[in-house]
Amino acid sequence: MGGRPIYLRLRSGRLDGVAAGHHGGGGAQARSQDRHSRIDHTRVQPAPPRPAAAPEGEYEMAEKKDMVQIVALEKYFGEDKERVHVLKGISLNIPEGSLYTFLGPSGCGKTTTLRCVAGLERPDGGKISIGGQTVYASGERVYVPTNKRPIGMVFQSYAIWPHMTVAENVAYPLTIQRRPKDEIKKKVGDVLKIVGLDGLEDRPAPKLSGGQQQRVAFARALVNEPKVMLLDEPLSNLDAKLRVQMRSEIKALQRRTNITTIFVTHDQSEALAISDQIAVMHGGVLIEVGAPQQLYTRPKRRFTATFLGLTNLIDGKVIDVDGDSRPGKMQTNKGILSFIPAPGLKKDQAAVISIRPENIPLHKDKPQGLENVLEGTVKEAVFMGDAYQCKVAVGDDLLAVHTHPFNAVSPGDRVYLHLDPASCNGLPADDKEGIDESMMGV
Numbered sequence: 000m001g002g003r004p005i006y007l008r009l010r011s012g013r014l015d016g017v018a019a020g021h022h023g024g025g026g027a028q029a030r031s032q033d034r035h036s037r038i039d040h041t042r043v044q045p046a047p048p049r050p051a052a053a054p055e056g057e058y059e060m061a062e063k064k065d066m067v068q069i070v071a072l073e074k075y076f077g078e079d080k081e082r083v084h085v086l087k088g089i090s091l092n093i094p095e096g097s098l099y100t101f102l103g104p105s106g107c108g109k110t111t112t113l114r115c116v117a118g119l120e121r122p123d124g125g126k127i128s129i130g131g132q133t134v135y136a137s138g139e140r141v142y143v144p145t146n147k148r149p150i151g152m153v154f155q156s157y158a159i160w161p162h163m164t165v166a167e168n169v170a171y172p173l174t175i176q177r178r179p180k181d182e183i184k185k186k187v188g189d190v191l192k193i194v195g196l197d198g199l200e201d202r203p204a205p206k207l208s209g210g211q212q213q214r215v216a217f218a219r220a221l222v223n224e225p226k227v228m229l230l231d232e233p234l235s236n237l238d239a240k241l242r243v244q245m246r247s248e249i250k251a252l253q254r255r256t257n258i259t260t261i262f263v264t265h266d267q268s269e270a271l272a273i274s275d276q277i278a279v280m281h282g283g284v285l286i287e288v289g290a291p292q293q294l295y296t297r298p299k300r301r302f303t304a305t306f307l308g309l310t311n312l313i314d315g316k317v318i319d320v321d322g323d324s325r326p327g328k329m330q331t332n333k334g335i336l337s338f339i340p341a342p343g344l345k346k347d348q349a350a351v352i353s354i355r356p357e358n359i360p361l362h363k364d365k366p367q368g369l370e371n372v373l374e375g376t377v378k379e380a381v382f383m384g385d386a387y388q389c390k391v392a393v394g395d396d397l398l399a400v401h402t403h404p405f406n407a408v409s410p411g412d413r414v415y416l417h418l419d420p421a422s423c424n425g426l427p428a429d430d431k432e433g434i435d436e437s438m439m440g441v
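First residue of the sequence shown? That's 0 in numbering that gives the first Met the number 0, and the numbers climb one at a time after it.
It is possible that part of the hints are untrue.
Only pairs whose alpha carbons sit at most 25 Å apart, straight line, appear in this in silico PhoX-like list of lysine-lysine [stated by the list, open to error]:
hint, residue 1, residue 2
1, K64, K147
2, K328, K345
3, K365, K346
4, K378, K363
5, K365, K378
6, K378, K390
7, K299, K346
8, K206, K185
9, K184, K206
10, K316, K346
11, K240, K299
12, K328, K378
13, K363, K345
14, K328, K299
15, K64, K250
16, K345, K365
17, K180, K192
18, K184, K147
19, K250, K240
20, K316, K345
21, K180, K147
22, K192, K126
For each label pair, taking beta carbons as the anchor points, the in silico distance ranges come out as [to be verified]:
hint, residue 1, residue 2, range
23, Q132, G209, 34 to 40 Å
24, E357, P203, 43 to 49 Å
25, V70, D266, 46 to 52 Å
26, K184, K206, 20 to 26 Å
27, S208, R177, 28 to 34 Å
28, G198, Q244, 58 to 64 Å
29, A421, R202, 24 to 30 Å
30, A392, R325, 28 to 34 Å
31, V372, V70, 45 to 51 Å
32, G411, R325, 36 to 42 Å
Hints were generated in silico from the structure; no laboratory data involved. No residue lacks a Cβ here, since even glycine has one placed at the ideal position from N, Cα and C.
Required output: the full structure, derived from the provided sequences and hints.
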């Protein structure tokens with residue numbers, strides 16, 4: 000993962016972080032206990048004390064620590080001939096205070112990784128640490144149970160108890176710990192203010208909207224002051240409009256509390272919108288990790304480019320490359336094209352150029368003095384309000400192009416496409432190393 004990042008922090012303006020605790024319903028779901036069984040909730044380790052404040056306006060150089068460390072994580076499901084290798088040596092460092100997303104298609108291993116961090120699945124190898132505490136280590140025979148880990152968790156189904164009020168739902172982890180009533184009342188009130196539900200303490204759970212129920216689940220996970228919040232596709236049960244609203248609220252909540260958050264989703268737009276870092280996973284393998292803009296604009300792997308939004312792929316062979324500091328040249332069926340090479344791309348290697356539809360200017364007259372200009376015919380032009388979504392035939396291939404609505408085109412128009420080398424990512428053609436396609440859907 001490389002060295003740890005250094006950042007500037009204005010201490011006098013720093014937000015307090017809400018520390019972590021265990022979600023009341025998670026352990027029961029993971030262990031498939033009898034519905035009448037009782038889950039053991041214990042108090043987690045308190046958050047470390049806040050350092051003394053620096054003088055007003057003084058900046059401090061601080062090393063951003065890793066809150067969660069995952070090393071060579073292995074997991075199998077099934078036995079004998081039915082055994083499936085689900086996680087294949089996953090290693091990740093998740094910085095303190097970050098919103099970190101596991102992104103990938105169904106069966107990629109993202110939820111299994113999250114459940115291993117939570118203690119809801121027991122790995123078959125590797126090591127997991129939370130806040131400097133080892134919670135699982137195969138070589139050391141360490142396994143800390145779920146209710147002893149400093150985590151809070153929100154599942155796809157919020158597990159809101161219908162016979163309880165909002166306050167009773169949120170207070171549940173503290174109630175079964177037999178905390179003092181005054182302490183419970185204060186903590187519940189504080190966390191309901193954070194999630195914007197203050198004033199609804201006495202409302203019955205069935206009287207809440209979907210978004211409000213989700214906030215109750217968040218509040219219940221926060222009330223025990225966890226170090227890490229785990230979110231397993233928490234927006235999947237909401238309608239499209241509410242999903243957009245709630246993902247903004249999740250990001251705002253994470254910023255207010257500064258709690259380290261791991262978010263699991265298969266929705267690319269969600270991941271791009273809320274994440275500080277994204278771990279792209281596929282077939283039990285960690286494909287690539289980076290900031291959203293980096294992964295979208297400068298992916299290093301073909302799978303990342305195709306999974307994170309729509310892109311055009313042009314096959315070819317590298318004929319000139321000198322590291323990744325200057326454009327390379329690729330021989331394609333559309334001629335020689337210039338591109339920005341991914342790290343490690345070599346001469347004579349089979350490769351693809353990836354370019355996003357919104358990065359292809361469409362001209363009705365041939366532009367002069369530009370590289371990578373292709374002539375084509377518009378086959379389809381769909382007006383979407385903010386753009387025309389076009390399909391342009393260039394030779395035997397169709398390229399997707401999004402152009403401004405004022406640049407109106409119609410099927411049959413002859414046009415010229417400028418594939419700006421700065422927007423052309425040269426990527427290895429073979430992107431299946433380490434990926435077991437047979438486990439898709441697990």
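Okay, the hints, checked on the actual structure:
Note on K64 and K147: the hinted pairing holds, with a Cα-Cα distance of about 22 Å set against a maximum of 25 Å. About 11 Å separates the Cα atoms of K328 and K345, which keeps this hinted pair within 25 Å; it holds. Between the alpha carbons of K365 and K346 the distance comes to roughly 31 Å, so the proposed pair goes past 25 Å and is violated. At most 25 Å may separate the alpha-carbon atoms for a hinted pair to count; K378 and K363 meet this at roughly 15 Å.
A C-alpha spacing of about 19 Å is found between K365 and K378, which places the hinted pair at or below 25 Å, so the restraint holds. Taking the CA atoms of K378 and K390, the gap is about 6 Å. The hint holds against a cut of 25 Å. Of the pairs offered as hints, the one joining K299 and K346 holds, with about 17 Å between alpha carbons and a cut-off of 25 Å not exceeded. About 23 Å separates the Cα atoms of K206 and K185, which keeps this hinted pair within 25 Å; it holds.
Pair hint K184 plus K206 holds up; C-alpha atoms about 21 Å apart against a cutoff of 25 Å. For the given pair, K316 sits about 8 Å from K346 by alpha-carbon distance, which is consistent with the 25 Å threshold. For the hint linking K240 to K299, the alpha-carbon distance of about 32 Å lies beyond 25 Å, and the restraint is violated. Taking the CA atoms of K328 and K378, the gap is about 29 Å. The hint is violated against a cut of 25 Å.
Distance restraint check for K363 and K345: the Cα-Cα separation of roughly 36 Å exceeds the 25 Å cut-off, and the hinted pair is therefore not satisfied. A threshold of 25 Å between alpha carbons decides the hint, and for K328 with K299 the separation of about 17 Å falls inside it, so the pair holds. About 20 Å separates the Cα atoms of K64 and K250, which keeps this hinted pair within 25 Å; it holds. Taking the CA atoms of K345 and K365, the gap is near 32 Å; set against the 25 Å cutoff, the hint is violated.
Restraint check: the Cα-Cα separation between K180 and K192 comes to about 18 Å, which is no more than 25 Å; the hinted pair holds. About 23 Å separates the Cα atoms of K184 and K147, which keeps this hinted pair within 25 Å; it holds. At roughly 16 Å between alpha-carbon atoms, K250 and K240 fall within 25 Å of each other, so this suggested pair holds. Between the alpha carbons of K316 and K345 the distance comes to roughly 10 Å, so the proposed pair stays at or under 25 Å and holds.
Pair hint K180 plus K147 holds up; C-alpha atoms about 23 Å apart against a cutoff of 25 Å. Taken as a hint, the K192 and K126 pair is broken in the structure, with Cα atoms around 36 Å apart against an allowance of 25 Å. The given range of 34 to 40 Å is respected by Q132 and G209, whose C-beta atoms sit roughly 35 Å from each other. For E357 and P203, the hinted distance range of 43 to 49 Å is satisfied, since their beta carbons lie about 47 Å from each other.
Checked against the hint of 46 to 52 Å, the C-beta distance between V70 and D266 comes to roughly 28 Å, which is inconsistent with it. For the pair K184 and K206, the supplied restraint of 20 to 26 Å holds, since their beta-carbon distance comes to about 21 Å. At about 32 Å, the CB distance of S208 to R177 agrees with the hint of 28 to 34 Å. In this structure the hint that G198 and Q244 lie 58 to 64 Å apart at CB is violated, the actual value being about 20 Å.
Between A421 and R202 the CB atoms are about 54 Å apart, so this pair departs from the stated range of 24 to 30 Å. Taken as a hint, the range 28 to 34 Å holds for the pair A392 and R325, whose Cβ atoms sit roughly 32 Å apart. Distance hint check: the CB atoms of V372 and V70 are about 49 Å apart, consistent with the given range 45 to 51 Å. Taking the beta carbon of each, G411 and R325 are about 39 Å apart, inside 36 to 42 Å as hinted.
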